[in-house]
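Novice: What follows is each chain in one-letter form.
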Amino acid sequence: MTTYTLQHPEKGLISYTDKKRYLWLSSVFMPIFPMLGILAYFATGSEWALGLPIFFSYVVIPFLDWGIGSDEDNPPEEIVPQLEEDRYYRVLTYITVPMHFIVLIAIAWFVGTHDLSVAALLATAITAGMYSGLGINTAHEMGHKKTALERWLAKIVLAVPAYGHFCIEHNRGHHTEVATPEDPASSRMGESIYKFALREIPGAFFRGWNQEKVRLERQGRSVWHWKNDILQSFAISAVLQLGLIYAFGWIMIPFLLVHNVWAWFQLTSANYIEHYGLLRSKEESGRYERCQPHHSWNANYIFSNIVLFHLERHSDHHANPTRRYQSLRNFDNLPELPNGYYGMYMIAYIPWLWYRVMDKRVLALPHINGDLSKVNIDPDRRDEIYARFGGGGQSPTTPLAA
Amino acid sequence: MAIYECPGCHYRYDEELGDEHEGYPPSTLFENLPDDFICPDCGVRYKEDFERVSDS
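Protein chains in written order, with my numbering: chain U, 65 to 466; chain P, 5 to 60.
Looking at chain U on its own, in the form it has when it is part of the complex:
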């Protein structure tokens, strides 16, 4: 296993071995996971087998996170430049890009050539969507990087679930406005994931589109110019998905619709749990305070972090958005989710359970300490939340963030 060393003038010899180095290889084996259901279907002949990947994601992974536990390993800051330069880590992300195309085409072939019940079609499309949702996660990792190759690969992989606006909207929009009422990709206390999805999915698209329009206008070009990064990705989506409809027939239309929406919903799910209820305060200048570590929820479970390229070490990601996944660090005393992302998604899909688990955690954070004026609250539920947690039911008449 590679050990990185550095002779520091004050601290002496610093050395670091990444204990997860070979665990990151699992991203290369990840296609096994969506194909598992189809292989089990061939082995048993039962359509129930097609539900295996869904069961694995939402039931087995939360148990693995709980059982395997958390990971306190952090690279020393002085070693980070060496770790970032190690090409092994980035090559793993490159390899996932063609896999997303291959897996979608393979699953589409299966759907197009087998007579499936509606439930089996739905399970297969959701499985394909879950894996393409991981593609958005890979695009997230690469889209934050500075190299042209990685930015192109991000654009290409986003074409699989037809989400080409993501990197622009995320890097320029979400990172700038995170944990504010203005951010469609930051959820509010009292807002269910379903209500959030209807705000986040269109809100993110239009924010990304407008940002690209402004950039192209500065270049003296129309937003419809072929240099529009969003249109480039959508053009690949059109070739891929129309090609699948041509090859495998009209059954591809419901399959691809469910696939696309479920992939988007994976991102929605991550956005929903990453900043729920958290609020940056406004400074006198009218600008929001800089995003602080306590403006993101973190999870530090080994298993789901390996699946998601350390996305769950979210505070460090927002502090250092260009930092590569292998270098992201865990810190103590941060807002901490009680399970990994997949377990929290499952809880989020049942809103009353989510509020029960999370609302008390929001209010117990040291920087909030029960003060609802420091919480990002759904305006439609403000009075109700004040009545429940605020002691007198008196909600301020002006928006809390002002």
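Think of the hints as simulated: they come from the structure by calculation, not from any bench. In this text, a Cβ means the ideal position worked out from N, Cα and C, and glycines have one as well. Some hints could be false.
[Stated by the list, open to error] So the derived list for chain P, only partly shown, Cβ under 10 Å to chain U, looks like this:
{"hint": "1", "residue": "E26"}
{"hint": "2", "residue": "P29"}
{"hint": "3", "residue": "P30"}
{"hint": "4", "residue": "R49"}
We have chain U; now place chain P onto it with these hints.
Specialist: Here is chain P on its own, set in the frame of chain U:
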């Protein structure tokens, strides 16, 4: 002409080169960038956070 650097991610804006992708032609002075200019790479450092690092 000068070079300005993002203190967070070390993106460099060189006035002589501008930033073609962002739509700032060569010789665009840093002070003439929009007031709401945000680091194009990390998206979390504002115009006033940038540091002048050298003359180009």
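Novice: None of the hints should be skipped; say for each whether it holds.
Specialist: Evaluation of the provided hints:
Interface restraint check for E26(P): the shortest CB-CB distance to chain U comes to about 6 Å, inside 10 Å, so the restraint holds. Annotation: P29(P) was flagged as interfacial toward chain U, and the flag holds, the nearest CB pair being 9 Å apart, inside 10 Å. Taken as an interface hint, P30(P) does not check out: its beta carbon lies about 13 Å from the nearest beta carbon of chain U, beyond 10 Å. Proximity of R49(P) to chain U holds as hinted, the smallest CB-CB distance being about 9 Å (cut-off 10 Å).
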